[in-house]
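Chain A is fixed; fit chain B onto it per the hints.
Spelled out from the first residue to the last, the chains are:
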Amino acid sequence: MIVHINHLSLKGKSAKKSPLGELTSLVTGKLVDLVEDGQLDARLAPSLRIHLDWIQYKTNFRDPVIVRRTTDASGRSLALAEVAIDLRQCQAEMLPQQLADAARLISPNAVGDGRFYLTEYRPFRDCIIWDFNRLFWRHLGEWEAASGRGFEAALPSGSSDANRPDAVKESVEEFWSLLKDLETKNQLPPELPILEIGVGAGTRAAAFIDLFQEYDAQRGTSYYDKLQFILGDYSPDTLARACASLGRHKSHIVPAPLDALNPFKALPQYRFKVLYVHLTNVYDNLPFDDLIRRDGKLYLVEVRAYFSAASVATLQADFGLGPADIPSAMKTLLAGGPHAVFPGDEEKGVAFWRAFWDCFKLEERLRALDDRDESHVPPGLTWAHLQDLLDEAPEDVRFHISRGAAESFANTLPLLHPRGYLQVQDIFVEDMDEYRKGFKGPGKLDGSLVVWVNGALLRAVSARAGYDVHFRPFTYRPGSKTSVMYTTQKP
Amino acid sequence: MKLPILPTTVIGSYSMPEWLERAKNDYLSRRLSRRDLDEMHDAVRKAAIKDQEAAGIDIVTDGELQRDNMIDYFTERLPGVNVDLGSKRFYYDFYETQVRSKLATGSLGLTEEVRFLRKYSDHPAKISVSGPHTLVKRIRNNFYPGEPEFALDLGRALNFELKELARAGATELQIDEPYYSGFPEDLPWAVKAINAAVDGVDAHVTLHICYGNRYGKPSFEGSYRYLFPTILDAKVHALSLEFARRGEEDIQLFKEFKAPFMLGLGVIDVKTQEIEPPALVADRIRRALEIVPAERLVINPDCGCVHLPRDVAFNKLAAMVEGTKMVRAELGK
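Residue numbers (this note's numbering), protein chains in the order written: chain A, 347 to 837; chain B, 12 to 344.
Only chain A is shown next, with the shape it has when bound in the complex (with noise of 0.2 angstroms):
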């Protein structure tokens, strides 16, 4: 048996006592209890994989004690398996019954008991989780009357990192030195481009804008003339909003449609031109694979939606859906929004999609890679940029393909003057190590999904593209866990 303790908590030794050595030892010793009963295969144990997670989010789609087994590229299954143990949810009196029934599900044709599940297999990428992230943010509005709060009171800090006006003012400050030393060598562009990716209600726009103005007017350069400022958002609501509430700056606004996957795509006549790109909080909503590298092979972690027998009876007793009616309510809710689930009762409508939401877990399993199957490296990268990362990746690690970070990263690149920088605050992993130390997502964050987003991968892109990537921490709010990562042209 090999225990992977996957969060450590250096506490030293006068502070409380944690609780995790206590647990490991429960986890071991049922484990082998349930050889000696003959409850788990002797022939398994050796080779059987114990995980010890700590999952800092209060709502995630893991269960106490789950149970990952393994197939081959085609969906055969092999021996290897996986038992992962959330210390954090887990209750010392229930572990022992939880790790029966995992042992249970080792076995490759276990189904869990009662459960009921929404989809088939599928990778991170393809799983319902995002219809229900787009869902959240095309009904944000009945969802935070439902919750008597708005989304920024879910966010650690209770507000957007974006609009801290101290980090607004160092990036202005940044922003005009950067063209002060392009006129001193006389190589200002006529046209001075900001792209700003996800903008909001144009909060930190507006403070920027306004902040420059002013920063200008008193050093006598007359920069602010030639702003133009690019809002880039996929919402035609939410950027008409924006603009709306920049209307003292119209001349400077250039609104921009555009995908947040391939901003090049929106604004190819902006190619090499913009000076200064921005996004906050946008890469870690963007779609992601797990990748798992065990013996030296790599899997994909694949994934499917369930209920538990628990859940399944909840739903039943407060909307009145039985087990055949959730499928079609489902469907109804992703396509319609919450209000077509129940007409004429937006607001049962509304619960329904929150406990839906609330309850769904899914199931892990691992599928083996086939060496160099490029359909799953992100778009515009190869194998060689995996190579890169897992050159420098721990032998044992389960770490993520931020393939929406990636994707959006490399088709922002060409849209980079030559002295220009794009900065990204975020919460990142800046280096494959981090991986073994704590758990990185995904989670849920009211309605909608956080993951860390993988920095080093970032990284590894960068340098083939030429770019230099560094991560500073954001030091603007004490505690914080965001970083805010450069991307300048390699000298």
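Don't take each hint at face value.
[What the hints assert, rightly or not] Facing chain A, from chain B, some residues (calculated, C-beta under 8 angstroms):
(1) 33
(2) 34
(3) 35
(4) 90
(5) 225
(6) 226
(7) 230
(8) 232
(9) 325
Hints in this document: simulated from the structure, not taken from any laboratory.
Just so you know, even glycine gets a beta-carbon here, dropped at the ideal spot from N, CA and C.
For chain B alone, kept in the frame of chain A given last:
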């Protein structure tokens, strides 16, 4: 072979296959022998020559695919430049290099390229070298009092090689200086270094000045206005400049200043994979002809094709040739 009016050529490099990139990286990590890599290099160089010929290019190169990049190929060969061979893992990155004593005079071994081209092509052929200013910007100087002195001595070292190339039969030589555009203030001493490099060289010498093409993107932006009038002192026969990506506005500089050079007109944007229609190429040439007479124009891409996929590179060159032929026909040549 007699050259036609509006002769076509390439800047130097041809499409780098991804498998060769992997092989070069394998060589760096000692998973591939020098001999195996050299065999691959020879094969792709022959293919590059044949592709250019098939596309209809008049003055060909060997595609320069044996070069890791435009810096290391020279720093590894320059006597007196100290190279840290462990300082890169990816072939396209640059080695850490420094100069700690006066550069010695000696062959860089580029005459092999002349022999190779003569062996596999009967087209007029061109050999490119990186210029002294570009090399100065990448080699740490721990000996010379300043960049101008270092560049001048590099000019002297390159002069030896350019003469060797001419003696070996090279008739078309090119010096690449992409860094001028990032450091326009250096131009006065950079031109002196060029003149040191070409002094007494018996060949047609082109000076290629672009805005960079590292990783297929520009390193700098701006206008060629900074070149004038200082560049008029350069003792070269032709200037090759990029216009396709940046627009042809700067061609007016050739009207404003009486430039004694031929002009290598960049008509193909090598930073996009879109293939230019021949009609667009023809338009670009026609606009240049309003300023520069046909006898003084050479048609080429903006820069090397190294970052383009092979089919794209080939089709772009073919479109360039086709567009040139359209204009030749209009000129009755």
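Here is what the structure says about each hint:
1. 33: Hint holds; residue 33(B) Cβ to chain A Cβ min 7 angstroms, cut 8 angstroms.
2. 34: violated, 12 angstroms
3. 35: violated, 12 angstroms
4. 90: violated, 26 angstroms
5. 225: holds, 6 angstroms
6. 226: holds, 3 angstroms
7. 230: holds, 5 angstroms
8. 232: Hint on residue 232(B): holds, closest Cβ of chain A at ~6 angstroms, below 8 angstroms.
9. 325: violated, 21 angstroms
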